[in-house]
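Peer 1: Chains G and S, in that order, give the protein sequences. Numbers 203 to 302, taken from the numbering used here, label the letters of the first sequence in order. Numbers 7 to 174, taken from the numbering used here, label the letters of the second sequence in order.
Calculated directly from the structure, the hints in this document are not laboratory data. Predicted model, so just to flag it, every value in this text is computed and none were measured. Do not take every clue at face value.
[What the hints assert, rightly or not] Here are the simulated distance ranges between beta carbons:
1) K301/G x G121/S: 46 to 54 Å
2) Y211/G x V74/S: 45 to 53 Å
3) P135/S x Y211/G: 28 to 36 Å
[Claimed, not checked] Going by beta-carbon spacing under 10 Å, a handful of chain S positions derived as facing chain G:
4) T11
5) F14
6) A21
7) L75
8) L82
9) L108
10) A110
11) L118
12) F152
13) A170
[Claimed, not checked] One-sided excerpt, in silico: chain S residues whose CB lies under 7 Å from chain G:
14) A18
15) V22
16) I29
17) A34
18) V79
19) F94
20) G101
21) F116
22) A143
23) G165
Built from N, CA and C at the ideal position, the CB exists for glycine as well.
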Amino acid sequence: MLTPSHYLYLSLALFTIGVIGVLTRRNVIIILMSIELILNAVNINLVAFSRLWGSVDGQVFAIFIITDAAAEAAVGLGIIIAFFRNRETVLADEMDLLKW
Amino acid sequence: MTFDTIIFYFFAAFAVVSAIVMITRRSAVHSAVFLITTLLATAGIFLQLEAEFLFVVQIILYVGGIMVLFLFVIMLVNLDVAVRQIQFSRQAWVGAVLAIALGAQVLMAFRLGSGAFNLPAASTRAMQPNAEQIGAALFQRYMLPFEIASILLLVAMIGAVVMAKRKI
Chain G
203 MLTPSHYLYL SLALFTIGVI GVLTRRNVII ILMSIELILN AVNINLVAFS
253 RLWGSVDGQV FAIFIITDAA AEAAVGLGII IAFFRNRETV LADEMDLLKW
Chain S
7 MTFDTIIFYF FAAFAVVSAI VMITRRSAVH SAVFLITTLL ATAGIFLQLE
57 AEFLFVVQII LYVGGIMVLF LFVIMLVNLD VAVRQIQFSR QAWVGAVLAI
107 ALGAQVLMAF RLGSGAFNLP AASTRAMQPN AEQIGAALFQ RYMLPFEIAS
157 ILLLVAMIGA VVMAKRKI
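Make the full structure from the sequences, and use the hints.
Peer 2: Okay, here's the thing in structure tokens:
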């Protein structure tokens, strides 16, 4: 029998993997992809609880999160292209223009 | 084991394994492909949760829209150099340990609180027809957030165009 905790554990696993990806990788594109993974893990929670309460409110919130993910990906990838044009790199630890 | 449970475990294992593969691949294209399989497995979980509309939105928007955008950018930036460089940052192990500690903390909170959650039994109230109900919710109760989301998308679109312009 599936309980909400099954979905919580699945979501926790995906979230933790996403955080590991953000904190350990150097490639900015893969860091952005890990952020997408984290947002996706949150969506699983929202949809699971929406099913639990028998209301579509959670699914509406999941749609808003997908909208945010699309906006974030567009702006983030635009920044990556602009940065790559100036510095010829996609590595996060070489992006130190503001550091002195 | 019911059919429901088998479907859940299949998609859950699929999602977790391809997520782990995704963050360890050297090439960004491989990472993107494994992220796509993770998103598809999540879409399967949504279908198993009777969220058919979200299942379709996940595939069309995430896999068909966002991931194609990612692949485009991967093609635009020169990755032949990046593949040959070190893939993990210098303090990667610190980050990994901290992330796993965070996960373990949340896991412990789930374990300790599972009795106190006192969640109601899974509702049998039908959420069908799914797309119709979501549409009604979006255009009635969530009208203002819906409009704000459209403004957010407009701003993001302008921002992306300005960022990607050759001369700012």
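Peer 1: Taking the closest Cβ pair, is V79/S under 7 Å from chain G?
Peer 2: With a minimum Cβ separation of about 4 Å from chain G (threshold 7 Å), the hint on V79/S holds.
Peer 1: Quick check on the hint: L82/S CB to chain G CB, less than 10 Å?
Peer 2: It holds, given that the least Cβ distance between L82/S and chain G is near 6 Å, below 10 Å.
Peer 1: Would the hint on L118/S be counted as holding, given a Cβ-Cβ threshold of 10 Å to chain G?
Peer 2: violated, 12 Å
Peer 1: Quick check on the hint: G101/S CB to chain G CB, less than 7 Å?
Peer 2: holds, 3 Å
Peer 1: For the hint on A143/S, just tell me whether its beta-carbon gets within less than 7 Å of chain G.
Peer 2: At 5 Å from the nearest chain G Cβ, A143/S passes the 7 Å test, so the hint holds.
Peer 1: Given F152/S was flagged as interface, is its beta-carbon under 10 Å from a beta-carbon of chain G?
Peer 2: holds, 8 Å
Peer 1: State, for the Cβ atoms of Y211/G and V74/S, whether the hinted interval 45 to 53 Å holds or is violated.
Peer 2: violated, 31 Å
Peer 1: Given a cut of 7 Å on the nearest C-beta pair, is the interface hint for V22/S held or broken against chain G?
Peer 2: holds, 5 Å
Peer 1: Holds or violated: is the Cβ of F116/S closer than 7 Å to a Cβ in chain G?
Peer 2: holds, 6 Å
Peer 1: With 7 Å as the cut and Cβ atoms as the points, is I29/S at the interface with chain G?
Peer 2: Holds: closest Cβ of chain G sits about 4 Å from I29/S, inside 7 Å.
Peer 1: Holds or violated: is the Cβ of G165/S closer than 7 Å to a Cβ in chain G?
Peer 2: With a closest approach of 5 Å, the G165/S hint holds.
Peer 1: Is the hint on L75/S kept, meaning its closest Cβ partner in chain G is under 10 Å away?
Peer 2: Holds - the Cβ of L75/S comes within 10 Å of chain G, reaching about 6 Å at its closest.
Violated hints, in rising order: 2 and 11; the structure is consistent with all others.
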